[in-house]
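From first to last, the protein sequence lines are chains A and B.
The first sequence begins at 1 in UniProt numbering and counts up by one.
The second sequence begins at 1 in UniProt numbering and counts up by one.
Take the hints with a grain of salt, since some may be wrong.
Heads up, the list lumps identical chains together, so a pair's fine if it works in one copy or across two of them.
Stated by the list, open to error - The calculated DSS-like cross-link candidates involving lysine-lysine, where the alpha carbons are at most 30 Å apart (straight line), are:
hint : residue 1 : residue 2
1    : 73        : 239
2    : 157       : 110
3    : 386       : 137
4    : 170       : 152
5    : 136       : 386
Simulated from the structure, these hints should not be mistaken for laboratory data.
There are 2 protein chains.
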Amino acid sequence: MTSNSEDKRLPQPELPEPAHPDLDSMLSRKFGKEVANYFSGSPLNRVSFLRQDHPFLSHALTHHTTTFLIFNKLEPLVESPTKLHYATYADVKPIIGDDPYSKSEEDLVKEYNSTTYIPQMIFLGLHEDKDGVTTKKGYKGAPFFAVDVTPKHESIKEAAEALIKSFEDKGVHFSKGRLHMALPAEEGELRHFLFQYGNSDSSAAAIYAEARHLLDWNARNPFCGGCGQPTFSVNAGFKRTCPPTDFSQLLASGTQGAGVPEKPFDRPSCPTRGVISNLQFPRTDPTVIMACVSHDGQRILLGRQRRWPAHWYSTLAGFLEPAESVEEAVRREVWEESGIKLGRVVVHSTQPWPYPANLMIGAIGQATPDGEVVDLGNDPELEDAKWFSLDEVREALRVGTSGLGERPGPEWREGGLRLPPRTAIANQLLTSVVNGFVSAGVMKI
Amino acid sequence: MTSNSEDKRLPQPELPEPAHPDLDSMLSRKFGKEVANYFSGSPLNRVSFLRQDHPFLSHALTHHTTTFLIFNKLEPLVESPTKLHYATYADVKPIIGDDPYSKSEEDLVKEYNSTTYIPQMIFLGLHEDKDGVTTKKGYKGAPFFAVDVTPKHESIKEAAEALIKSFEDKGVHFSKGRLHMALPAEEGELRHFLFQYGNSDSSAAAIYAEARHLLDWNARNPFCGGCGQPTFSVNAGFKRTCPPTDFSQLLASGTQGAGVPEKPFDRPSCPTRGVISNLQFPRTDPTVIMACVSHDGQRILLGRQRRWPAHWYSTLAGFLEPAESVEEAVRREVWEESGIKLGRVVVHSTQPWPYPANLMIGAIGQATPDGEVVDLGNDPELEDAKWFSLDEVREALRVGTSGLGERPGPEWREGGLRLPPRTAIANQLLTSVVNGFVSAGVMKI
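Here chain A stands alone, though its shape is the one from the complex (with noise of 0.2 Å):
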């Protein structure tokens, strides 16, 4: 959320050329820079309203301009650390069939076998920046689909397991932990429009981060909270029901090896049915995460994990409660790790944190005069937390940035701060600080 032109004493990505470069500087001028953090910033349009539109799904999914995330246990495959594979609908067709949306939702619920293992797949958007499919209301864009090929369920292990032999022999492989934190990113960027700066390369981790999401929350909730019982995907991914009946040959007594019943059994009642409920849809944690500053707006909180690398430190964050402003939620947090106490809080930008399925909310603090004593001793989270000068952050932001498992770049002398890099909303928030977002008046809103 800020212009300041110091923001080019640290090192910018090459950015794309705006697409309209006139209105791109005109917005620019009127409102300053939006900071879109790693993870957002998606190419895709959702068309979220066609999800239940299976003859739509059955064109996007056969059509060939359409690409295929492909996940084996949450890992993501790729062709190097920065590049995601994307797959084809050859490859994918001997795990998801023919067409899965060959028949309605409605009858599908109807059909439902909850002993039938049908591999998880979501469709995550148009691509319209590329040539794809156009609907008769005129959307288009290139289909994105996200596939589960993990080989656990017998029906589909023998053909997942060749499939993920063809793409070891193809030379691209499943990507363990967090490599993708080196995904390019349209970082930094203002994105005007729903779509007009769309890149496919450039926001890789934005499409990566929808797919990981759903796959996890599927994952996760394979039965109903309501009620206990095996829940089905529904709305391309983006819902589970769960369904008054099933097929499965389980639950009749005397039948077991009897294959499919003709009729489907009654299901006990739940309370999630005929009704609205939050339990059917995706979840996702909103955490605050915040930069504190003293009173003065001169000196800057962080804070540090026990197992953290030696001198790097970090914002403080933590999950919102029930019932919580953001505000609220900011002062509580701070307070119960540092001990610190907050007046002024103001949201700064937001990111999308797809492990398992956080809502990063930025924010920028000031502390009340008798409130910047650091003590540890409410909820003892934190190893350490003290007050470092604007020009200690700047320095570290400047030298002695990386990712967690990574050396911080040469100029960095062994005992300087250490802080996160550019991908974690932390630098940005501590970045926007040092440029004056609160002793120039930014914050002053």
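Position chain B relative to chain A; hints supplied.
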């Protein structure tokens, strides 16, 4: 987030004097006023790190300063639409027993019996402006709990019905619907300190919201989404765990009716055991709600749902989807529902919304120059969406606001625009816009 003096055009509630008027004035001059929306501004310190401390909870439960909010089927016990009824330990003792915290959490999990009904209790926090308990570390305040007395199980039915009758005899009752929107709040007031201005009478809405959100979450999630087995409430109502064993005699074949077995039965494995899983913790759904201005800042986009009264409009709103930033969710929702394309989006303020579990993230967005044409044909959720002048909205904020089931004020004339009341964040967003959030450059950050 606006300190614009034009705020005074709207009726302002009488606010209590701030505890530190000099500081208040100083911070206001420097940072402006924070919009504290209805349901926020809790006077309670949640002391979240004490939720597993059963000796503390036992002490708090039976203290003479302790207050209990009573709910029946999620309806709160009230004396009037503007006053919660606070019950005592003596009232709830027949339902909850002498001390549900007499054993450690670890022991209670070991003794778990899925057929035992335990009325849901929530420890809400300490009201630090009121005399109460004092902990070793020095936390002070009057404890607040919520208790669900719904007579839904044989084991408490008689006691619960007797308690409900005793309340009715006293003239207090369980509030239907959302009458509690009439509860007093510290509307529009900045809370500089965690608990600086605590005032139980003016913060009832925030205390109620915390209780309702947590009771609802517990009631809605009796089963584990990971394995389908019943779960058990721990952490004073803020966590549900999936115990590894169960003393339920229902699980022992041949022992039905034989009472509780000597040893518990092992339950099937569950992916949430031995790890930290979000399934164990309360869910809060991030929701975006936004005032959209035209590119020149002179008009405001409002929409209406079919079921609303004639002439009633509001800001657009919708759920944030997985792996979206708030800014992206705002642009997507506005485009889906109205066809309008937004450029710059700024977060304004946030509001807890306990129906059942929402966090309303209020934003202000600006249309792009060629993105101002309304199109209701993407996701046809709205009956209408159209542009209004700032003057129309300003006048409606003055004369046309009310709750959905109420009539607007005496100055409203038939056919005039109607808008939500000040307790709705929609109203606060519109108020900020007509008071210069965009045109006076407040948005330029």
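Tested hints:
1. Taking the closest pair of Cα atoms, residue 73 and residue 239 come within 30 Å of each other both inside a single copy (20 Å) and across two copies (27 Å).
2. For the identical chains of this complex, residue 157 and residue 110 are intra-copy neighbours only, at 26 Å inside a copy versus 38 Å across copies, given an alpha-carbon limit of 30 Å.
3. In the homo-oligomer, the alpha carbons of residue 386 and residue 137 lie at most 30 Å apart only across protomers (21 Å), although the nearest pairing inside one protomer, at 56 Å, exceeds that limit.
4. In this homomeric assembly, residue 170 and residue 152 come within 30 Å of each other (Cα to Cα) only inside a single copy, at 23 Å, whereas the closest approach across copies is 60 Å.
5. Taking the shortest Cα distances, residue 136 and residue 386 sit within 30 Å of each other only across copies (25 Å), while inside one copy they are farther apart (59 Å).
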